[in-house]
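Starting from the two chains in their separate frames, assemble the complex, guided by the hints.
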Amino acid sequence: MSRILLAEDDPDIRHLVTFKLQRAGFDVTAVADGFAALRDAHAHPPDLVLLDVRMPRISGIEVCRELRADRRTAGVPIIMLTAQARSQDLEQAFAAGATDYVVKPFSPRELLDRVETVLARVST
Amino acid sequence: MMLTIATITIIVLIVIVAAVAIGIVVVRLVRTRRQRRHTALAAGPRRALLAFVADNGEDGGDDLVAIADDAWRAAEPGALALLSKLRGEAHDALAGVFLRRGVARQAIRDLRHRSRVRRARAAQILGDLELSAAVPELCRLLDDRHGEVRIVAVRALGRIGDPAAAWRLIASLDRSDPAPSLLVTHTLVQLGADAEVTLSAALDHPQARVRVVCLDALGLLGATGAVDRIARVLRDDTSLDVRVAAAANLGRLGTRSAVDPLTDALGAARPMPLRAAAARALGDLGAPAAVTHLEGLLDDDAFRVAHEAAHALRRLGHPGHEALRRIVSREADVTSATGLGSPAGPSGAAAHAQEALALAGVGNPGPEPVLTVTR
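In order, the protein sequence lines correspond to chains A and B.
Residue 3 is where the first sequence starts when you use our numbering, and the numbers rise one by one after that.
Residue 1243 is where the second sequence starts when you use our numbering, and the numbers rise one by one after that.
So that you can see chain B by itself, here it is in the shape it has in the complex (with noise of 0.2 Å):
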């Protein structure tokens, strides 16, 4: 009797490896031919598609746009991924293939879906296909639920680039979980020279973070005009951060009229942050104007203001590195006047200046260096 249950347990085991076994083997097979049909279906528009766009869409449009669905179906990922890897003619040419082939018109619906990876999938569509129509739908993503979402959205407004998203974008900062700063940033100045209105006027929102991206998208936009909003927000604004920001931005935008804010800000009583970026950003600016006040800043007891105005004159070049070789002779004056070297070294002012002249020294050699302070 034990011996009949043993052997009816063993055979219906057997029954069971063997039914998953041949399971996975049809499975495997329906699979693989599942898959060399669709590359097979996939073959013939994807060539269509390599000649089309070779040709810069000047021939075969309307070939393309008549391919059978199935066939679409299977050449489609390949296509999308080829579009966002392309520009001028050939891009515009495929684009108006999708359109024609009802693409934008899915992806515009897909935008509302339940699933958000339909979602995202759907504004990556609308930013490779560059398509302005599909921005204020764009947009209303900026508020979904999810994060991933919302991150592809922000994606496609800077591939599109359409300067009307600024504001949304600028609003979509103020929330709890925001889109990264800097991929905000990268994405408003894809939006160009047409946002930097918008952006000025942001300037004025009440989050700190806001008014930060807001100023780093200007200073990467080279936005000229904006220097004394700008200089502005340097003298009067309440946050430390946005005050540093406003520096280097004015730094960046290298403007004869950002020497005086970023020369006033690097006054004693200022907050120490905000005097070391307005000392690097006068380095940045490369205005020689400069150098009188950064020279004066190398015996500064703040470290790093000190060390922000050694390399500010580093950068400016020829008149920074006269003064920061001034610095160190007027120190050899007086040790050998003294007769006595400093048993501590040099005084601070001399040490940032040997360090920043050992800098611009290397990989440039020439009759550089005064930088044997006695010791």
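If we strip away everything but chain A, and leave its shape as in the complex, we get (with noise of 0.2 Å):
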């Protein structure tokens, strides 16, 4: 079973997402904030993150960036959660290191599509 570790702040977001992760067999791990996305992610690599941009304390762009630096994470795929598809936002995204990036509002059967699509470049 494949874990994916979502930060998100939003508490609706965090919860839709988790319970449609986890219906899909994922184990979902579920924080509100960058810093306690790193800790985790640093104690147990996932096979796959799920970042909000805009998070407060530390931002998910500058939690990618410290993903990619730590040899333990460097490799594992992040999907960013990005409020609006300005293409700033993006450039910084994939400038980090992003896998691949949702838009907000955003649909659960899309998002679900983009981590099984991920996942499966990955394994192969």
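It should be emphasised that the hints constitute simulated quantities derived from the structure, not laboratory data.
Values in this document were obtained by computation on a predicted structure and should not be read as measured data.
Please note that a few of the clues may not be correct.
As the list claims (entries may be wrong) - The calculated label-pair distances, taken between Cβ atoms and stated as ranges, are:
1) B:Gly1286 x A:Arg25: 17 to 23 Å
2) B:Val1359 x A:Ala26: 37 to 43 Å
3) A:Thr119 x B:Gly1434: 25 to 31 Å
4) B:Ile1264 x A:His46: 49 to 55 Å
Glycine included, C-beta positions come from ideal geometry on N, C-alpha and C.
Okay, here's the thing in structure tokens:
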């Protein structure tokens, strides 16, 4: 069972994404901020990280950069959740090492498709 | 006697303090209990809502509609918050549950409520439901006497995205305290390509501010069909701000037919801000045909025009960089031929070219610079 780390400060989205991924058979660890995500990822590197771009204290972009800089998590695929498909945000996300992105408001089905596609790509 | 009065006063004060303390404790207990009951009531529907949304609304809609009113009331704020964060089938399915529960009917009634909070909340709900049927009523709200309500109505119309609202949104800008231009521009863009005809027609609006918003919306929509109309605005409009916006948006649209109107706007007889905007737009446009015109502007008397022209050449890539290098080399040749370096440093044109080349080289090291003009 693949383990997914979700960092999202909005409780509604956190609960919904956790629920959706768990029902699809994933082991999900959900945290509400970037520092908690970094701690968890370094302690138990996940198979995939879902990161909200805008979080309090430390942004998703910075977390992404930190994960890429650490050899334990450098190869973990990262999907960014971003509020707007602004080209600047996306450029920053990809420059920081993001693998893919999902725009909010989002479709749970589309999110699950992206997660499965990225995991399939990594495993081949 | 004095002692008795003092004692009675103290006793009365103690009773008052005790009564207030008991009152506070009772109110808190009641609130906590109500909150717990509310949370317990909301817990069931919340789980059902999450399951329903996670399954893209394929199953469980009837159960949500059948939830008792008090439990639904407890869960409704969370469900509404969830609605605004979803799109696709999950959004449509959840919106369907709200419609079946009569939430939209109530919201449409509340648009005429005398409380502005109720009116704004109703507008937000209708926007989150993306209910096209509510567009006429939301358009009416654009004339609300309270600015906050009007702003919520503008956002709601953007979320619904019905181009039928375009004209009313544009007209709402023509008042002494309109909604912020950027918000209206963003909303007009959300209405999509079907709003382009209305936006083009509104370029004849008597208010310059309205024309600027329409130009920005056309540019952001990528309305290439409106290039000729925008070019006419660039040439003929009476307001300088509008002409500058026309230039910027022609650059944004990036079509070849925008090169000639923008090149005309570079003429020395035109106002300086317009010439600078046209130079910048030619850089955004990415047309190598503009290189000669821009190159000629680097020794312009107006600093801003020369500066924008140099950076437009930088953004044009290889042909623009070549032009910038030519300018720097030409000056180097002149100084070496005379055998004297200019004591004041490079000329204006060479200085602008050097600056642009240096910026082009940042993060892109290569066999660039001819940056050594003799001092």
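Comparing the hints with the structure gives:
Between glycine 1286 of chain B and arginine 25 of chain A the C-beta distance comes to about 18 Å, which sits within the given range of 17 to 23 Å. Against the hinted window of 37 to 43 Å, the Cβ-Cβ separation of valine 1359 of chain B and alanine 26 of chain A comes to about 40 Å, which satisfies the hint. For threonine 119 of chain A and glycine 1434 of chain B, the Cβ-Cβ distance of about 28 Å falls inside the hinted range of 25 to 31 Å, so the restraint holds. In this structure the supplied range 49 to 55 Å holds for isoleucine 1264 of chain B paired with histidine 46 of chain A, their Cβ-Cβ distance being about 51 Å.
In summary, this structure violates none of the numbered hints.
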